[in-house]
Every structure is written in C-alpha cells, then in structure tokens.
Amino acid sequence: MAEKIRLQLTVNGEPRSVEVFPMARLVDVLREELKLTGTKEGCGEGECGACTVRLDGRIVNSCLIPAIQAQGSELLTVEGLAEQEHLHPLQQAFHHHNGAQCGFCTPGMLIAAEDLLRRCPNPDEGQIREGLSGNLCRCTGYVKIVDAVKAAAEGGRA
Amino acid sequence: MIGIPAIRKEGRAKVLGRARYTDDKTFRCLLYGATVRSTVPRGILKAIRFGEGIPWKEFTIVTAQDIPGENRVAAIVKDQPFLVEVGGMINHAEEPVLLLAHPDRYLLEKARRAVILEVEELPAILDIQSSLDRAQIIGGNENIFKELRIEKGDPASVWARAAHIIEGAYRTGAQEHLYIEPNGMLAIVAHGDHEDQVTVCGSLQCPYYIQKALMNLFGLPADKVRIVQMETGGAFGGKEDYPSLIAGHAALLAWKSGKPVKLIYDREEDMAATTKRHPSRTRMKTAFDEAGHLLALDIDFILDAGAYATLSSVVLSRGAIHAAGVYRCSNTHIHARAVATNTPPSGAFRGFGAPQSLFALERHLDVCAAQLGLDPAELRRKNFLKIGDTMATGQVIQEKLDLAGLMDRTLQEIGYTEKRRSFAVINATDEPIKRGVGISVFMHGCGFTGSGETYLASVAGIEGLADGRVAVLAASTEIGQGKDTVFSQIASEALNIPMELVEVAQADTKVVPDSGPTVASRSTMVVGRLVEDAAYAFKQALIQQGFLEEPYTPELFREAVRRSHARFGTVKCYTQYHKPPHIEWDDQTYRGDAYPTFSWGCYAAEVAVDTVTFEVKVEDFVAIQEVGRVINPVLAAGQIEGGVAQGIGWALWESVEWKGGRMVNNQMTNYIIPTSVDLPRIRVAFLENPHPAGPGGAKGLGELPMDGPAPAVLNALQNALGNLRLDEVPMTPERLLECMEVACG
Ligand code: FES
Ligand code: FES
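Protein chains in written order, with numbering that gives the first Met the number 0: chain A, 0 to 157; chain L, 0 to 744.
Pulled out of the complex, with its shape left as it was, chain A reads as follows (with noise of 0.2 Å):
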C-alpha cells in the first residue's frame, strides 16, 4: 500500500491536518480520524446519500471520495451546521416537523438541504424533491423532509 500523505483541510470552518492513505475514503477520514460521526455510511456506493458533505461549495458522496482530492479543500458536514448549541434554520425545521426519523439519513439530508436552499433560495415542492432524490429515507415517505426544507425557506419558525 501507498506511503500515508499529510491532509490538510479546512472541516466546519477549522483547520485540520492528518495523516493517511491517500486513498481512504473521505467518510472514514471525517468518521474515524477526525471523529467526526455524524456523517453516516448507509452504502459505500454511492447509491443513498447519508454519506453527503459539502466540499469546496459542492455536495459529495464521501463514501466515493480518496482522501487525496480533500486536500486544501473546505467542507461541511452536519456538525457544522450548528452554531454551538444553535440550531441551523434546517435543523430547527425537521425537528419541528419530524423530519428526523430514525436519523440515520438526517446528517447526508440536511447537507444536500443546504446546498439546495444555497442555490435555489424558495424552491416550490417539485424543486426540494428534485434537490433531496439523491439522498434515500426509508422511514418518512419524504412529506415531512420536504415540509421541514420549505419551513426553512419560507424562514418562519419552522
């Protein structure tokens, strides 16, 4: 196997700086070097989008990304969402409309939101579905996913 490289990245605003294979994969980079475990893996192939963060102002698969093409880059992941114990606009919305289920594609769906809302400011309900069909739930049929994007647009206290 090939020699571990230094990754210096920006992660949710901080420096960091460590060593691995240039291959691994970016969600085990965030999840097990950086401890950061809100970020899931549901597939590894990039089929089900519980794996998204947000990379240089992009939304990834980190299940499909080698550490190798993070270096420098800025990224967001669901732990950035909140500002200490704030809750990000999104966050505040499914958790007021049980967005959440199980939770388990809360963190990949939360990120692809985002990006959603960063480029498409008020999105009408075909835009959110549209914007979330890369990231699968299998617990809520989606309703109060796309209700809890559209609180967040329309800004009110969800």
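The set of hints was computed from the structure by calculation and includes no laboratory data.
Treat the numbers as computed from the prediction; the structure is a model and nothing was measured.
Built from N, CA and C at the ideal position, the CB exists for glycine as well.
Fair warning: there could be bad hints in the mix.
[What the hints assert, rightly or not] Computed list of chain L residues with no C-beta within reach of chain A, every gap over 12 Å:
| no. | residue |
| --- | --- |
| 1 | Arg7 |
| 2 | Gly87 |
| 3 | Arg148 |
| 4 | Ala155 |
| 5 | Ala161 |
| 6 | Gly233 |
| 7 | Ser256 |
| 8 | Asp299 |
| 9 | Ala369 |
| 10 | Thr416 |
| 11 | Arg419 |
| 12 | Asn426 |
| 13 | Leu455 |
| 14 | Glu492 |
| 15 | Tyr551 |
| 16 | Pro704 |
[Unchecked claim] Derived CB-CB ranges, DEER-like:
| no. | chain 1 | residue 1 | chain 2 | residue 2 | range |
| --- | --- | --- | --- | --- | --- |
| 17 | A | Glu124 | L | Gly2 | 25 to 35 Å |
| 18 | A | Ile67 | L | Gln411 | 56 to 66 Å |
| 19 | L | Lys658 | A | Gln68 | 29 to 39 Å |
| 20 | A | Lys3 | L | Gly2 | 50 to 60 Å |
| 21 | L | Pro102 | A | Ile67 | 22 to 32 Å |
| 22 | A | Glu124 | L | Thr428 | 24 to 34 Å |
| 23 | L | Pro54 | A | Glu124 | 40 to 50 Å |
[What the hints assert, rightly or not] As a list, the in silico DSBU-like pairs of lysine-lysine whose alpha-carbon atoms are at most 35 Å apart:
| no. | chain 1 | residue 1 | chain 2 | residue 2 |
| --- | --- | --- | --- | --- |
| 24 | A | Lys149 | L | Lys24 |
| 25 | L | Lys109 | L | Lys255 |
| 26 | L | Lys509 | L | Lys578 |
| 27 | L | Lys385 | A | Lys34 |
| 28 | A | Lys3 | L | Lys258 |
| 29 | A | Lys3 | L | Lys24 |
| 30 | L | Lys381 | L | Lys284 |
| 31 | L | Lys284 | A | Lys34 |
| 32 | L | Lys223 | A | Lys34 |
| 33 | L | Lys578 | L | Lys399 |
| 34 | A | Lys34 | L | Lys109 |
| 35 | L | Lys56 | A | Lys34 |
| 36 | L | Lys284 | L | Lys385 |
Starting from the known structure of chain A, arrange chain L with the ligands on it as the hints suggest.
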C-alpha cells in the same frame, strides 16, 4: 399530553448529528469482525481450508467447534446453527460457517476471501412449487414448517348454488427492508473466574430476544448477558430476529480474542444475508350471489419461509387470519402453509404476512367486481363487516365499525367517482398515458396474534429519580417510530406532569424489564398501556407514602418524587400484562379472538401508466385510517407516510432477483426503493375512535400502512389498463409489459 404533536424527544440529537449509532462507538484495541459464508444453497460442509498469502496467526478465528454453549439460535424452533460445523448440513447460500477478526479491515476482507470451503453440493429447493413437490426433503415436516386451517361454515356446500364463482392466483415477491443503517453489533466479553460477562451493543429491535439467544450460545445465566440498544437507523422487522446471529458472532469473536469486536455488515452483505419479506402465493376461490354478496371464500395461502423456521409460523398465522379481510362471509376456509426452501430465511417485515394475504384478497375483489359488473367500491360496500358480525376465526366485532364511512371519506378525498368517469373517457382515446384510480380496504390486528401476549406477559415500569423526574422503564426500542416521545406523552398524561419531567430509559437489559419485542404494532397499545398503568400505580404510591396530594402542580409532584427518593431510595412501580377476561383464543383450532382489536384503513391510489415505456407513476395517494385515539398526530402521520412509501415500493419497483438461491441485485444501485421524486405527497388522515384496550384509547398503527398500498396501486392499474392479469407484485415495467403482451395474445 395525549393527542398533541409533541416534538420528537431524541430529535435534537439526531439533527445535530450527535445521536450515537453502533458504528459511531469505538474502543481502543478494537478488532473488526467478518463472516465467511457458504456460497452454495445446499450441501455438506466437508472441510475448511485457509488459503495462501494471509498471516493467519494474526487472526482470531472462530468455528462451530469453539462454541461454548449450544450451537443453535434460540427461537420458536431451535433449528438454525450460529455456524455450520464440518460434516454439517448447509441449508442456504448465505449460511455463516466461520468468523474472523483482525484490527485491519482491509486485510480482514482479503482473508475472508481466502478461506476455502469444501462442500459436497446437494440438489437444492429454490421455490415454493418445488418445495411442495418434495423433490428433496430439506426441512420442517416434509418441507412444511407450519400448516394451519381456519374454518367457518362450509364453502363446499355453496359452490353448487352460487350465481358466480370466481377464482384467482396471486403472488408477491421478497422485499428487502433497506433500513438505511445496515446491521451491526459491538461485543465485549470480560472473562471471569467462574463465568464470563458478555455485553453486546447494537442496532436492534428486541434486546431480550438477543439475550435469550446468547444465554443459550454461551451457556450463561441472564445476569451475565447484557444487551444494549444503540440508536437504531431503521428496522421495519429486519432487526427483529437476525440480530441474534450477528450479536452471537460478534460475542464469539470477542470471547475468543479477549478484545472488543465490531461486526458491521456492509450493504451488500446485509442485503444478501439478512431476512426479507416472505414471498407468497395465494389461490382464491370465491362465490357470490346474484347481487354480489360474498357467499363463500376458499383461500390457499403459502409463504416461502426459506431455510429455517425462524418466525415463519407466526408470520403465517397473521397472514392467514388477515386473509379474509374486512368482509362478512359465512363460509370461509383458509389453508395456510409455510414451506422450506434453500434460500436465506425469510423474516419479519412490517405487516408480518398480512400484506401478502391482503394483497391477494383486495386485488381479487377488483377482479371479481369487473366480472360481476360492479364498481369495486360498491362490491366492497355490500360485504363490509359491521358490529356484531363474525370474522373467519369466529371473533365477533364488538366495537363501533363504520367501514363504509371510512371508504366514503377516502373516495371523496381522492375524487374517485369523477376520476373514474373522466379517466374512462381519456383512456378510450389513443393517448399513450393511461390513468386509473383504485382502492383497498383492510385491517391490521394490534399486538401479538392469539395468546401471544399472554405468553409474553410483558412488564413495564416507572421509576422515581433523585432529581424529581421519573423514568419510563421498558424494553421497547426507539427505531424511528417515536416510541420515546409517545411513552413520555402517555406517562406525563397519567401523572399530570409536563413531558420534560419524563425520561425514557435506554433499552438495556440491565436497566429495563422485559416488555416483549418491539414488533406487531404493540408498543403503543400494549406496552404503552402498561406504562400508563405503572404511572397510575406510581402516583398512588407517592400518595400512600404521604408525599403527594391531589390536586398537585408539577413542582409539588417533583418535590414528592425527590422526597420519596431521599427517604426510600429508588421507587419503581411495575405492571405486567394480564389477559383481559373477555378475550379467548385456541391455538389448536385457530378459533377465537385473534387480536384484542384491529386498526382499519382505506387507501386510494391514482396512477398514470405510460403504455410505451410501461413506467408507472403514482400521482396521488390518500391514506385514511382508524387507529383508535391518535397519541401524536405528527409522529403517527410520519409512520403512515413511511409505510405507504414502502408499500408503493413493494408494489412497483422493489424486486429481489434470485440466482442459485442468492440475491444477485444486493446493492442499492439495482434494488430500487422510492426516492423523493418517485412519490407523490402522501395524504394522511385519521378517524378517531378511542378503544379501551390502549392507553388513552390508542390502537396500533406501525404496520397498517404496509397493508393497503400494493392492492390500491394495482387496482388503479387495472382501472387504467382494463382487465389484465395483474396478479403479482412488484409490478415492474418488465412484468407489466409481459402482462400486456399476454392480454394482447
Ligand atoms: S454511503 Fe455514500 S452514498 Fe451511501
Ligand atoms: S429517517 Fe430513517 S432513513 Fe430517513
């Protein structure tokens, strides 16, 4: 507190990414575990060899020989080994044979592939028909794990005089649970002088099932086996019985290595090896009079149990009891069998046999309506059960039951009459998109079948805490359904205190009593009732101790609990389930009150079918149900929406493809579950009718939404396309094409 949309208790941790699931927990010196499986569906294990190029000495290796206790999973029947021993029989292609553990996951995977199993292959039975034909006898009694009959009246006396006799055969495929968190367990074994202490934390539904399995595996008493539920990322029945094997395997590796062991399945292994919904085949023969009244019903219901008995006997019972549906019929025979095949054992999945038999019946009724020249809703209306009527097992409907009202509400909500009329006009043109609307009416029995609850004799409790709050003590697990929130609501209502003063203890066998498994739509109705009773008893105890007087404020209550705690230490009040006197059931004859009560539903689906691509889109879906009193309308709606989504998935896309007894599409890429764009907004409503059995009048609702969607969607397809033989789910585009080709001759 009952009836309000209280916010999910553990929701904050979940949205913050702080909820701790099994794989989030780690230890120093942790080993990873892996399972070597047979790849042939049937044979005799001759030898295990270890391939070249692997430093085997570094590995912890466990085979059947190492097992300290009994190498059988303790279940209804003890037929399934934890590991196949050399010389033993392999009964399916995913059967565990050997376990490995190592600190390096990558090397572990290489090693797993380097183990060579020498197997003398034997001919395998891979489907229901071959099992019935008994080309090979592979298990159970002549390939039958369970056979039962439900008999009421005499259908044979009716056939000759009936105006119409209509027959049909229906099939349903396996379905994968696809909880987004795969199965996983973490085990630690402390070696003691006399006895070892086994602790397993994991993703699971039923801590006490696993405890029992591990006591048998290690030959240890209950206090030496501790099972702790971690946050669980979905289950749906899929973490009911199989986790006993995974927990056993992780514990064996931890016991042999002396180190903590994490055994997490990757998605492919989880899909291929763990249980799925039982495939089914149902034959229906029905007799009607001139006006469309149901005179006789003869049902042959068969489930493919897979290689071991597991829970199939009880899945079969529930399926058979639900087979006659919500209709009055004086002459009903139901013959039900669960047969053995050399496929991985089928298991519990939301609905537990009822979705299979209800699909057959509700689909058949639309076939009958077409032949009788009646509207499907009107045919149903003529035959609905009412108060005082008798179901197939002889159970008398004793509650107010207005199925016609329930159906009318659904018909109105979806716009049934207008849509059927306008679609008929459009569908007659050569427009390639055809549209249809269809319904289903169904019920789901709440709690365990028959005397199940009596045998379980579940216990739940309330404990006073030092800081004046109380804790709910129950082994029911939070698997996303909202149990923690609902139990808090029930306890806070009974104690007349705010929910913040109620804690719900983690499902840990060291802390909570055995409240039975978290299955069968029983947590709210059965365990919730025990919680409610325990809360009343707790309040009574505080009053008798002289710490509390009614009426009281939350502050006074808190003070009373504090003082009681200071004076007596921990005070815990437990209640145990006792069979209500009016409920009678005979396990031998299948006569009596199969369930204390039922929840009822009527669902409607509107579909659009592209007759060029055979793609089906569900355009609208209405789900209306009567589930007693709704404890939390938001959580309840969430359960229904999720269940409907699974039901639509099963109806249209979720096809398990088999080859040589193995699932070959065991990846999310090619096993298709609904995404947000595949589903319409599912429109949910509840009709309330409080029932005395449940806390605050609540009944069960977790499984009900799985029963209705598949027949409603296929009935809508029939409405769109005319009388095709749409007798199978999933009705994938490929199958739909076949059906249309058959119809065109
Ligand atoms: S774990 Fe990355 S997409 Fe499923
Ligand atoms: S909440 Fe369970 S998978 Fe989405």
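To see whether the hints hold, each was checked on the structure:
1. With a least beta-carbon separation of about 6 Å from chain A, Arg7(L) fails to lie farther than 12 Å from that chain, contradicting its non-interface assignment.
2. Residue-level check passed: Gly87(L) sits 32 Å from the nearest beta carbon of chain A, beyond 12 Å.
3. For Arg148(L), the non-interface assignment is confirmed: its Cβ lies about 36 Å from the closest Cβ of chain A, beyond the 12 Å cut-off.
4. No Cβ of chain A approaches the Cβ of Ala155(L) within 12 Å, the least distance being about 44 Å, so the stated non-interface status holds.
5. Non-interface status of Ala161(L) relative to chain A is upheld: no Cβ of that chain comes within 12 Å, the nearest being about 41 Å off.
6. For Gly233(L), the non-interface assignment is contradicted: its Cβ lies about 4 Å from the closest Cβ of chain A, within the 12 Å cut-off.
7. At roughly 20 Å from the closest C-beta of chain A, the C-beta of Ser256(L) stays outside 12 Å, upholding its exclusion from the interface.
8. For Asp299(L), the non-interface assignment is confirmed: its Cβ lies about 33 Å from the closest Cβ of chain A, beyond the 12 Å cut-off.
9. With a minimum CB-CB distance of about 30 Å to chain A, Ala369(L) clears the 12 Å threshold, and the non-interface call stands.
10. In this structure Thr416(L) is separated from chain A by more than 12 Å, as the shortest Cβ-Cβ distance comes to about 26 Å.
11. Distance to chain A confirms Arg419(L) as a non-interface residue, since its nearest Cβ pair spans about 26 Å, more than 12 Å.
12. Interface exclusion of Asn426(L) from chain A stands, the closest Cβ pair being 26 Å apart, more than 12 Å.
13. Residue placement check: Leu455(L) keeps its beta carbon more than 12 Å from all beta carbons of chain A (closest about 25 Å).
14. Every CB of chain A lies more than 12 Å from the CB of Glu492(L), the least distance being 20 Å, so the non-interface label holds.
15. With a least CB separation of 31 Å from chain A, Tyr551(L) remains clear of the 12 Å interface cut-off, as annotated.
16. The Cβ of Pro704(L) sits about 9 Å from the closest Cβ of chain A, inside the 12 Å cut-off, so the non-interface label is violated.
17. Restraint check, Glu124(A) to Gly2(L): a C-beta distance of roughly 28 Å satisfies the suggested window 25 to 35 Å.
18. Between Ile67(A) and Gln411(L), the C-beta spacing of about 60 Å keeps the proposed range 56 to 66 Å intact.
19. Look at Lys658(L) against Gln68(A): about 36 Å separates their beta carbons, and that is inside 29 to 39 Å.
20. With their beta carbons about 58 Å apart, Lys3(A) and Gly2(L) fall inside the hinted range of 50 to 60 Å.
21. Between Pro102(L) and Ile67(A) the beta carbon distance is about 24 Å. The supplied range of 22 to 32 Å therefore holds.
22. The beta-carbon spacing between Glu124(A) and Thr428(L), approximately 30 Å, falls within the hinted interval of 24 to 34 Å.
23. A hinted range of 40 to 50 Å is violated for the C-beta pair Pro54(L) and Glu124(A), which are about 56 Å apart.
24. Pair hint Lys149(A) plus Lys24(L) holds up; C-alpha atoms about 34 Å apart against a cutoff of 35 Å.
25. Simply put, Lys109(L) and Lys255(L) have alpha-carbon atoms about 21 Å apart, close enough for the 35 Å limit, and the pair holds.
26. The hinted pair formed by Lys509(L) and Lys578(L) meets the criterion: a straight-line CA distance of about 27 Å does not exceed 35 Å.
27. With a C-alpha separation of about 59 Å, the suggested pair Lys385(L) and Lys34(A) falls outside the 35 Å cut-off, and the hint is violated.
28. Note on Lys3(A) and Lys258(L): the hinted pairing holds, with a Cα-Cα distance of about 27 Å set against a maximum of 35 Å.
29. Of the pairs offered as hints, the one joining Lys3(A) and Lys24(L) holds, with about 25 Å between alpha carbons and a cut-off of 35 Å not exceeded.
30. Distance check on the hinted pair: Lys381(L) and Lys284(L) sit about 18 Å apart at the alpha-carbon level, within 35 Å; holds.
31. Among the hinted pairs, Lys284(L) with Lys34(A) is inconsistent with the structure: their alpha-carbon atoms are about 60 Å apart, more than 35 Å.
32. With a C-alpha separation of about 32 Å, the suggested pairing of Lys223(L) with Lys34(A) holds against the 35 Å cut-off.
33. The hinted pair formed by Lys578(L) and Lys399(L) meets the criterion: a straight-line CA distance of about 22 Å does not exceed 35 Å.
34. At roughly 26 Å between alpha-carbon atoms, Lys34(A) and Lys109(L) fall within 35 Å of each other, so this suggested pair holds.
35. Note on Lys56(L) and Lys34(A): the hinted pairing holds, with a Cα-Cα distance of about 31 Å set against a maximum of 35 Å.
36. Distance check on the hinted pair: Lys284(L) and Lys385(L) sit about 23 Å apart at the alpha-carbon level, within 35 Å; holds.
The structure shown violates the earlier hints numbered 1, 6, 16, 23, 27, 31.
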